[in-house]
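Asker: The residues making up each chain are set out below.
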Amino acid sequence: MTTIRSSLVRLLRTPVKTAFFFLLLAFTVSLVCAGGNLWKLCGDNLERFEKIFTTIGTVEQTPERTEQEAVWFADEMGYRYFNRSVYGDIVSDSVLDFEGAGYLSGPEHRAYYEALPQDYELKEDYEGMTQAMIIEASPLEDCIPAGPVKIEVKRVLYSAYPVNVSPIYLCDHNTEHPQMLYADKTYLMALADGWTHDWEEKGSAAIFEYAPLEGPYSTQADADGNRLPTALTGNWIEELTPGFYETERGKAWLTLCRDYELRALYESFPVTATQDLNLIMAFYRKQAYLAEGELFSEEDYRQGNRVCLVPARFAKRNGLTVGDSLHLALRYANYAASANRGGGESRLNAEGEIYQVFEESDYVIKGIYDVGVASDEGDWGYLLERNEVFIPTASIKNSDENNIAAYGPMKGYTTAFRIPNGSESIENYKALWEAQGVDNVEITFYDGGYTRLEGGLKSMRNMSLILLATGIVSAVCIVIFFCHLFITKQKKRTAIERGLGMTKGQCVRSLLTGILVIALAGSAAGAFGGQVFAGRAAAGMEETELFDTRFSNGAVQLEQEREESDRAGADAGEESGSAGADETGEAAASERVYLTETDWRMSAVCGGGVFLFTIAAAMAGVCGNLKREPLALLSEAGK
Amino acid sequence: MTVIRLIGRNVSRHKYKSILHILIGVFIVLILDIYAGNMERTEQELARLPEALPVSARISSLNGSMRECLAIREDRVMGIRESEYVKDPVFTVRLKFGFGEFTLEEYKENLNHYGRGMNALSDVFGLGREQITFLEGVDESVLETSQKVCLMEEALMEARGLRRGDDVMLTTYYYRCAPEGSEVFIEPLVTDTYRIVGSMLTGDYRGEWMPPEVILPFDCVREAYRSQGIAFFADSGSFMVKDPFQLNALKAQMYNEVRFLPVITRALPRYDGNALTIMDEAFIRSAETLLGNIELLRRMFPFLVSILIFIGYLCSYLSLQSRQEEYALMRSLGTGRGRSFLLLFGETAFLAAAACVSGSFAALFLFRTKAVVLVLSAALFLLTFLLGTAVALIAFHRLSVMQVLTRKD
Amino acid sequence: MEKMIEAVNVSYIYQTKYQKTKALSEVSCSFERGKVYAITGKSGSGKSTFLSLLAGLDVPTEGTLSIEGQDIRKMDRDAYRLNRASVIYQAFHLFPLLTVMENVMFPMELQHVARKEAKVRAQEYLKQVDLPETLYKKMPGMISGGEQQRVAIARAMAAGGEILLADEPTGNLDSQNEQVIVDLLCKLAHEKKYAVIVVTHNEAVAAAADVVYGMKDGELSVVRE
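Residue numbers (my numbering), protein chains in the order written: chain P, 1 to 639; chain H, 1001 to 1409; chain F, 2001 to 2225.
No lab work stands behind these hints: they were computed from the structure.
These figures come from a predicted structure and were not determined experimentally.
What you were told as hints is all true, and nothing was included just to trick you.
Below 30 Å or equal to it, Euclidean Cα-Cα: the simulated DSSO-like pairs (lysine-lysine) are:
| no. | chain 1 | residue 1 | chain 2 | residue 2 |
| --- | --- | --- | --- | --- |
| 1 | F | K2119 | F | K2137 |
| 2 | F | K2138 | P | K504 |
| 3 | F | K2116 | P | K504 |
| 4 | P | K627 | H | K1017 |
| 5 | H | K1370 | P | K40 |
| 6 | H | K1087 | P | K286 |
| 7 | F | K2022 | P | K492 |
| 8 | F | K2187 | F | K2042 |
| 9 | P | K492 | F | K2020 |
| 10 | P | K504 | H | K1015 |
| 11 | P | K504 | F | K2022 |
| 12 | F | K2074 | P | K492 |
| 13 | P | K504 | F | K2137 |
| 14 | P | K286 | H | K1242 |
| 15 | P | K51 | H | K1242 |
| 16 | P | K17 | H | K1015 |
| 17 | H | K1017 | P | K492 |
| 18 | P | K458 | H | K1242 |
| 19 | F | K2127 | F | K2116 |
| 20 | H | K1108 | P | K150 |
Please construct the entire structure, taking both the sequences and the accompanying hints into account.
Answerer: What follows is the structure, encoded as structure tokens:
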């Protein structure tokens, strides 16, 4: 106790020197704290910065050749030509399974599933329903429906809404030389309206004609993509003969009617299963964005939790919100196209029957997404269908192999994978892929610009670390310097104390007390000061001018101010510039994506570290002194 | 002994302390250099961001469902074209054509072809430079003019027996949106003669509307509208943001002056092209992160510099304090004030200079720090270190040599 | 009188980085209580070294040094210096940051004497060395050399030992103070029965001693007994 008290007394009697030593240590600790906080904040923010980017690859089987397909347009009385890709054998997606690929998710050749509409509203109130019908009809006179011809509706087997008008107009719009129709015969046909040759002149006053749809046909395939053999031929307009409905063909037509009852024309309820929403280009490019709730978690994908993501309009239409239950009854899968691109699949299976539900369950709505404008043109397949629901692939427990309505080659909008960011990752993948020797499959990488920034990111990260390391080494040097000064001056004191009979232990306590007090006070003050300054600096980041997120893709627009809608209405009625409500809209600030809070634990660790090191260094110095006999110390002390 | 030799002897005599001094100085200089280098690198990354993450924008219908077949008012078109924040604006206007001259009543047999007025090809997927063969001496830039020229679909040219370079008379009709914004009509525009300067293949076209069989320069079409006294509307528009760091100004301009609205997904479907989407999400998030980091570094810099200044000052001051007796001894042996000051100051200056040089070289070779930064850091360190020494030495001057020497402890 | 300290063939070699120096060569002598011993000799003769060995600040390289029959090598030399032997120096070596009173109290506090009692005793010792009370709260740097040496003696007395070792105690003093110190040392020996051993090259101090040893080149001889 004597030694400690005496030591403290001596410390207080040199206030200036003590203060200087205290300041030196405090500043040193502040330096380390600043470096530590900086490193942590910068590092954390850089990590978040990295997470902005995702690298995906889309996979596309290249066609063997491209053919020009001529399509007749009756209103133009001419052909329009479209390029049609012709593929060879379908390349299996198993070619993407190779060692060292380093996938973070996928590869997936995904399907969309057509779900039973049940009672869900699949279209907006203001949207009219496309009239589709399956009827028995006869032309009023012998004719060739190369243009609109009148036909008498004899019997309606199915119609989307009641057929109140007869006769109606029929035009085999896309057939250059349609078959002759005879007035004394009755024909069975599936028709859809919406065509007219007069709409440009007459607009909504024009007479609409009906064009034929395909009759019963099948595109069912097996799990390897091979078409299943079928007797269904898909005739467009069939002559009705006695006993027709007892034939296989007739039964197929009746089955087709039943399918239309289940799902009207152009009304679809597609459900896309995926392992990772980043593999869906619309989500990847932030054309589709989360409006409410959450996206799927890793666990959802892994465990196959029955959760789903629904589009905002669908949710609004059906009064659904996050947490509600959505009943999904999946009927068939389409591996050939995305929900927006396809269609193309038949309604009936190879046996001419309706696809039965193979997976039925309640899904909890985990999130609601909205869709903005696409960033650039690409194939329509990359766009989302309006009622498209997303579910984790693993949530489908039953096999769909008997319910594949269409299968096709891998396309960018059906097949994708995710790999780690960075040019190294991409180059490594490319090298391994080339080694697979698969010629007719093309992989396109999208990284959101990461490779152009990665060099800089690495450099920034390294710099932060180097700064911290340099700060620590500086602190070490300063502490050693401090201990050297402090202890050197105390050699004589130690010698006297030893001369007076103090034990080595007492001498250590006497000397270390002073250092301990200064070190403790300095470390605490330095840590506190460092934390305060770092905190203020970090808080200053809040004052960084944020970008206005008006017009941004990915921004939530569901809850728009009423004045925006008013302004939209006022604007639309004007010929020129200014709107009725001449208000300057307020900018919407973006939500900060970086951290602006320091962690007090970093300062505590830094302060504690310097303190402990100071004590250790001092101990080393003191013990060094005590190894020497007082006699030698006294003689040295005179130097 | 000369001053320099004395300084050298003193430095080697206090070897341990000298090394520590130099090390502390080296690391202080390094910290300053690395810090400044870090700030600079982050700023460089920020500056490179627009190149790495270019920002585009597209006009759509208010509910975002349509990107083409819109009715975009001319003042909005001009607002974008004249904006100082915009580059590479691309606009189209859809048209219908018939060959030769015909009356309104004859439109059914004749008005069978779809066309577009465009000012650049980059707008439409599947209709790029690879699909077009220009006449010699002509390139895509012809679309930026108002010349009466056209590009024509190859199959159509073949069917009509036309070749590149031929003149062809076309009667053009335009699409007019009803005031309610939900119906479109087609009306006669103009009959004129155009020179075919290029042929195109439209088999890969992926636009929302029909593939164009004839393309006219955008401003040529605009002039046709003007000549007929018809209000002009474009049907699609997009542009690149010239400087994404001026996004806020661009958006304010687009909102307040050009009168665009953000997409309102629950709006009713209309043809009006009065909504704008700017694909800046990735850029904004990246830029804000970097800006935040830069701001952090900037705000910490004065604090860091202050700490380093004080450390440098204190180290030199405290170090010199322990040499009071040495100073007193020198004075007692006849060394004048000036020389004594010079000796001790010179010793510190030598150590500080050695530290600066070593630290600067290390920063230069390891981190390629700029010369300006190196010089400034070294100067700052030297200044503060020598200031501490000077203050300590000035305090020595005030001491009584006798008292120091006769003081036994 | 019994021998307090006995040195038999004590030798001491200084070993530095560069050289070995034999500071003492087979020194044999003894010291008794109640006497003042002076060890004289020129500078560098080894007398201060011998004194340091007597103080237990180091151990002989060769020979034996016994304190009341106990070999110093086998002793707790810290306890020896704390309780039995005290040293005063030419340069006084007081704690510069402790007051006069605190300097004198220091050894007693090391011996776990209560502060109050230590203060009372310190005052007593300071009186014995004729130090005015006005100086008790002063720092060593504020009093004269003679006063500092008296404080050092008071501190030595406060340790309460039987042996006082003085290394050139009057080296930094004027003749008046010198005499005061010599008188104090003699008083300690003759009245308080200390074994006082003084290293000096001062004739006056040697003259006051009861026994005078001479040191030359590390060898001790009796000059006057």
